[in-house]
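Undergrad: Listed below are the residues making up each chain.
2 protein chains.
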Amino acid sequence: MTMRPVSISGVASTPFGAHTDVPIHELAVRAARAAIEEAGIDRGEIGSLYMGNFIGGMLTGQEVLAGLTADALGLANIPCTKVEGACASGGIAFRHACLAVASGECEVALAVGVEKMTHASTADMTAALNAAMDQCADAPSGLTWPGLFGMGFRLHAARYGTTREQVSSVVIKNKGNGLSNPLAQMGAELDAETISNSKPIADPLRLFDCCPPSDGAAAVLVVARERAGSGDAMPVDVRASVQTRGAARLAGHADLTSFDATVSAARRAYEQAGIAPSDLDFVELHDCFSIAEILDSEDLGLMPRGHGGGWALEGRTRVGGDLPINASGGLLAKGHPVGATGLSQIYEAVTQLRGEHPNQVKNAALGLTHNLGGTGVACSVSILARPDA
Amino acid sequence: MTMRPVSISGVASTPFGAHTDVPIHELAVRAARAAIEEAGIDRGEIGSLYMGNFIGGMLTGQEVLAGLTADALGLANIPCTKVEGACASGGIAFRHACLAVASGECEVALAVGVEKMTHASTADMTAALNAAMDQCADAPSGLTWPGLFGMGFRLHAARYGTTREQVSSVVIKNKGNGLSNPLAQMGAELDAETISNSKPIADPLRLFDCCPPSDGAAAVLVVARERAGSGDAMPVDVRASVQTRGAARLAGHADLTSFDATVSAARRAYEQAGIAPSDLDFVELHDCFSIAEILDSEDLGLMPRGHGGGWALEGRTRVGGDLPINASGGLLAKGHPVGATGLSQIYEAVTQLRGEHPNQVKNAALGLTHNLGGTGVACSVSILARPDA
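Chains as they are written, first to last, in this note's numbering: chain A, 33 to 421; chain B, 33 to 421.
Note that these hints are calculated values from the structure, not bench results. Wrong hints could be hidden among the right ones.
[Unchecked claim] If you want the footprint, here are the derived chain B segments under chain A, 3+ residues with CB under 8 Å: (1) 99-110; (2) 113-119; (3) 135-144; (4) 155-162; (5) 278-285; (6) 289-296; (7) 405-412.
[Stated by the list, open to error] Just some of the chain A residues that point at chain B, by a computed CB distance under 8 Å: (8) Gln167; (9) Gly284; (10) Ser296; (11) Val409.
Quick caveat, the model's predicted, so the values are computed rather than measured. Using N, Cα and C, we set each Cβ at its ideal position, and we do this for glycine too.
The whole structure should be built from the sequences, with the hints applied where relevant.
TA: Right, here's the structure in full:
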């Protein structure tokens, strides 16, 4: 049984930041409405809705976000499903919209992702984000996410000689990219000294090494390829969309400098798309922390193991470099409204492939997005392409 | 594009009730392990896992239940996805496992559902369950779920003359069925007077009109039909599995005695299976409250509108009657660990079709399950059959 090819015909992202007075489902509706309008598709044609959301229940007391959003949009009596895989929830929603169309279950599917976090206290936020950890095995140790990635930083430094300066160059690049992205929450012009001197969060990680909590939503409309192009915007091919799992507990990881879920998702995605990492023109990856960009880019096979820090410091991952990473500003600068992030990455990649990105990569024809959840417990990797590529 | 037929080759349910010292993911693992063993399938063959869960985050602080469960089971690096649609989460997980196999994405898919509730205070539980309401439109009114179904009771009584005695006959039947189901949390021999005199919850609903909060899990293994029958247990055909949405806000309902999502799901399921309601041998439906069984059974077209109460009082929905409903005891007696309920219904239906149910329906060949969420915001209806039917 073969699946049919699918395309993206509309994308949208709200600005990321504080949307204090906007109810969570209304944020989702704003992104969805804009994506539908761009696609030039009648709402009655949408046959399935997937909602990426992680901690809507814990932080806003609101579940059933898939149905609520469909209701507000006036969609038909279609299946509406919230999917959750921690910080990979948005990428999982995208994959399911692709599957719904690829399998012929429907002609048009809508993926939306949303989160609302900035109103919460640090204690509530930490507790909610920790729901992605095993509550029996890991949470009681007092581990937090900065703690986990702080350990990854130390190990990577010990093994490969990765330096503070290299890691800071990731922050400088992404925060700088964010400055020219109008949807980004926290773009900034930073220097290495400011980063090193910022507040310690989980040594060696400092404040500027960590992505901010955010409110925001993003949406993507997926259609059968034969009907792509009904709207004014250029459609984009989905060449691969893969979802994997990895160890759910720290003790299940052989190595804290690599995530199995990313390695296996990337391998399958390259195979599905019939490409090699060297064919990529740009990557949007899950830089929840500065060091994560280095770990992820090595897991994705973008450079040899241990070279991620060097590539960053040498400017090879800047726009204009060998392989631009997170031209959007990434999670570090655009922000990380958890359930929305995976779809925000798709939005940024589609904008690149259309040649309309504020930090445009020249001749961008083939891009990869990477969304990672929890202790690498869930991962989604997609490969998107210009139709002529 | 056509989907291929799928079958169920293994099912399991934990007892429902209090599992105070068992972590939530461990409950899921127990059900999953038993379903896999029954199917006689190698774990390495499972290609996708769907987890039905509603309020794991809010009541236990544990999300990523799909990945955690897969990890504990030692599954491969497969996609593992939690799906949420309030009380219909389990049914939605089942449908997605069916889709994964039907579309050819994988050969074997596992659907698991779990919830853990009995440890929570009434206040915490009420707040968590209210996450299925629109937090802007309905929750501020002070509405609760017994309140909603209490209104449905009043309206149904005013319109069709439905009586307390008729509604109590649903409770007597389901609590009685639960007495002989070893997995049921709250079977009981009740009379109409005891029910009428029990504590008022949301007038006219009394304590015994309401399902209990529960801890529990259920699991179902779905396989391509051509490879069903590898285990010792009789495989069961999935003839239809449909998911719909309905109004997410009270004001969106034309009528509180009927749920659009059920009506449309049932219509599509009958069409998919090529049957009429009169062909069914039994039904497991979403009796979160006694009156819900009457509303649901009319929405499913099992009897003419307004006749649900009469059918119950006349014994037509008992085992041995025209169309046995909730021979398992239903949510009222088996219990309602929210995310598990839809899969528990599949478990009970499969057991009936195998002729192995503690309350066996004679010659059961064709059954329907119905799982409803929130204000009818999400619904799942499945039709299962003996292979020879």
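Undergrad: Decide, hint by hint, whether the structure agrees.
TA: Status of the hints after comparison with the structure:
| no. | hint | verdict |
| --- | --- | --- |
| 1 | 99-110 | holds (count 8) |
| 2 | 113-119 | holds (count 6) |
| 3 | 135-144 | holds (count 3) |
| 4 | 155-162 | holds (count 3) |
| 5 | 278-285 | holds (count 5) |
| 6 | 289-296 | holds (count 3) |
| 7 | 405-412 | holds (count 4) |
| 8 | Gln167 | holds (5 Å) |
| 9 | Gly284 | holds (6 Å) |
| 10 | Ser296 | holds (4 Å) |
| 11 | Val409 | holds (4 Å) |
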